[in-house]
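Asker: As a plain string of letters, each chain reads:
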Amino acid sequence: MTVFIIRRLMQSAFVLLIMSLLVFFGVYAIGDPVEIFIAADADQIERERAMQALGLDQPIWAQYGFFLLNAMRGDLGRSFVFNIPSIELILQRLPATLELAACAVTLSVLVGIPLGMYAGYRPQSRIAKAIMATSIAGFSLPTFWVGLMLILVFAVQLGWLPSTGRGQLGEFLGIHSSLFTLDGLAHLLLPAFNLALFNISLVIRLTRAGMRENMPMDYVKFARAKGLTQRRVVFVHVLKNIMIPVVTVIGLEIGQVIAFAVVTETIFAWPGMGKLIIDSINRLDRPVIVAYLLITVVMFIVINLVVDILYSILDPRVRLADAGH
Amino acid sequence: MSRRIPKVAAFLVASALVIAAPAVRAQNLSVAVGGIITSMDPHYHNLGPNNNIAQYFFDRLVHFDNQQRPIPGLAESWRAINDTTWEFKLRKGVKFHDGSDFDAEDVIASFKRVPWVPNSPSSFTAMVRGIEVTVVDPHTLVFKTPAPRPLLPLDMAIVNIISRKSVEAPTADFNAGKAMNGTGPYRFKEFVPGDRVVMERNPNYWGEKSPWATVTTRIVNNPSARMAALLSGDVQVIDQVPTADIPRLKQNSNLRLESVTSNRLIYLHIDHARDVTPFAFDKTSGQPLAKNPLKDHRVREALSKAINRKAIADRIFDGQAIPAGGLLPDGFFGASPKLKPDTFDTNAAQRLLREAGFPKGFKLTIHGPNDRYPEDGKVLQAIGPMFTRAGVDTAVQPMPWATFVSQAGAPNYAFSVMLVGWGSDTGETSSPLRSLLATPNRELGFGASNRGRYSNPKVDEILGKALQTVDTGAREKLLFEASEIAVRDYGLIPLYYQVNLWAMRSNLTYKARTDEYTLAHFIKPR
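Protein chains in written order, with this note's numbering: chain A, 231 to 555; chain B, 586 to 1111.
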């Protein structure tokens, strides 16, 4: 297992290097950031000063070399427009996205797995058919449209929930989060549900497929023949077996939800990382774009590692050393 | 995808015909703005949204009224002693938020800090460059400049005055609130980047006090989210109202609109410099034309006459745009009343093209942003067929601003005809003349955004003279003259002036501002 983890980490370092190279030169190819964030009426002298202040007057390979040197020391550069180290800037926004993502994933597990199990257990019932039909809607309706409709119904017409923003933050064990105040939770509900909708549907369908596949299998018959209760057969033996694909997908989706909550964050004006990256791309704020994507890559690597380790716990037949090949 | 959101927003508003109007909680006001505020440091980033928010906490020597006319700020009065010497009399009895007194030393400290701010992506250095300040007494300052500088009072309307205690405070101290010690109408409470700025009334403000005890400025840059926040009552005022929502807003009795013609001109910049321009082609062979047709005055006039400005204003903007014939709307300093929009006349355009030697016209590609100005992509797409009707087969190429702007200017100059906008921060016409129409010249700071590289020695000369003329009347005449020459020569083709729009609860009023700023202390209950 140790060898496996070490090899994984070395591969990751290489991925990070390639990623930084691609993003750095990619952003450079789009254009000159100074043109975007300088005041329109700035004269030539002021433009040159800004280029110098931000190190953009250097040739691109020198800029990249400088970036790599600093990156070795953990410094990914300062945002061009915020004058804040980009890592710090992203970490400032991380909690907002994390709480949104955590709620969305929790919702998709708590809602998705029971509904999916039921739909797989009694596939012919009306309720199961209704669940499956709804899950198609959850899959196919675009997030931004659902988001706007949620705002329209719950914020504008019913006036039950606020439309945008993050609301009051509460403090608990030194952590600031909107999970700890009523106002914060009210603000969280709509965006979390909007973000979760796709994943709920995904989990429903995966769980249902797993149920349908496993229920006729020999081990289920054997367990029944052994005299186990139906409850124990379904909730222990079958559930354990269908969890493997579900865990994989939820793992990947956690990454997706954190890194690409862009649409939901934009519509609900949620001050998270997704909104930051979109704004940064529009402004060609290269240090933030590079740092963000590097952090995203690291996050996916870690999640994949955790998923692999979880596999070996759920299914002892999986050997981690082999997974590295 | 973001292009589709406004349509959905239109539907959203349409469906929300009946809305309960939550009463504005007395004394507290929430405002949602579309601009992204990047910092609290008033000297860090010379950018509309940042300059806007700084006005809550800081004052300037000179203020702008809602039409960008200079009025007394921290300076009670100012006058030119001679062409290169100015005297500013400071207001007495003004206190900073921490209780300390304001005087000349704070002005000196602010001027010192402006060029010092580290890593500034767009600084205020040009406004204080070359000014030699002498303190006559704690409330009298004398500014000396190496050359006559008639716009000095306008520059003073842009530089915020901080306390001398913050002269070496880094940007982070302002963001955290430690150095947020100004003389402005509000005291700083909290800045959550990307989310909100919270402030409370300064009870000791020297000017008219704000009707609101606390103000929250929410940063909501998505237009439909901003609309939703207003409709649901989360905020009471929004700026940059999406055009698609205007007709429905007008029908909603709980809401009202405030509008004013802005200082922003949307225009077409034209390649005047190259003998072969990259995007004008022969109609049959498809090859670039051997001679740049845009260098011919008649071709430029034909293009201008081919544009139906009124249709653009009425159809695309629901009337919330003003057809333009000059550089700034009537009423702004230096805006020549003689410059009227060209009349839409396809026949005249065809005749001019024939006279210019293009009886069959030619092929053209026009470029522009699709995410920078309201409806910019749509306007570009409307202009294409108008040109085609006059005989110039036109393809349209909208693109994101980030890509567009770095291709359009020096050193690439990638386009032939492009749609751009210009907001005049000084509120007078030397700003567009100097940046857009004067021959690029580093020493004079001319033509820094002259993406068409229009060059006319006569314009340069008159503008140069205007920028050295302290006498207001004489200067305005020179500005009239320079704009008339440049615009009649089609150095650029004016399209329309934007209209700045605010939507608010029907029990509020706002004196709409030409500079696009949203300032809560001027939002009043009705």
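It is possible that part of the hints are untrue.
Derived contacts from chain A toward chain B, CB cut-off under 8 Å, selection only [what the hints assert, rightly or not]:
{"id": "1", "residue": "S242"}
{"id": "2", "residue": "F244"}
{"id": "3", "residue": "I260"}
{"id": "4", "residue": "I381"}
{"id": "5", "residue": "E443"}
{"id": "6", "residue": "M447"}
If you're looking for bench data, these hints aren't it; they were derived computationally from the structure. Values in this document were obtained by computation on a predicted structure and should not be read as measured data. Just so it is clear, CB atoms sit at the ideal spot from N, CA and C, and this is done for glycine as well.
Asker: Against each hint, give a clear statement of whether it holds in the structure.
Answerer: These are the hints, each one checked on the structure:
{"no.": "1", "hint": "S242", "in the structure": "29 Å, violated"}
{"no.": "2", "hint": "F244", "in the structure": "30 Å, violated"}
{"no.": "3", "hint": "I260", "in the structure": "6 Å, holds"}
{"no.": "4", "hint": "I381", "in the structure": "5 Å, holds"}
{"no.": "5", "hint": "E443", "in the structure": "36 Å, violated"}
{"no.": "6", "hint": "M447", "in the structure": "43 Å, violated"}
The structure is inconsistent with the numbered hints 1, 2, 5 and 6, although it conforms to all the rest.
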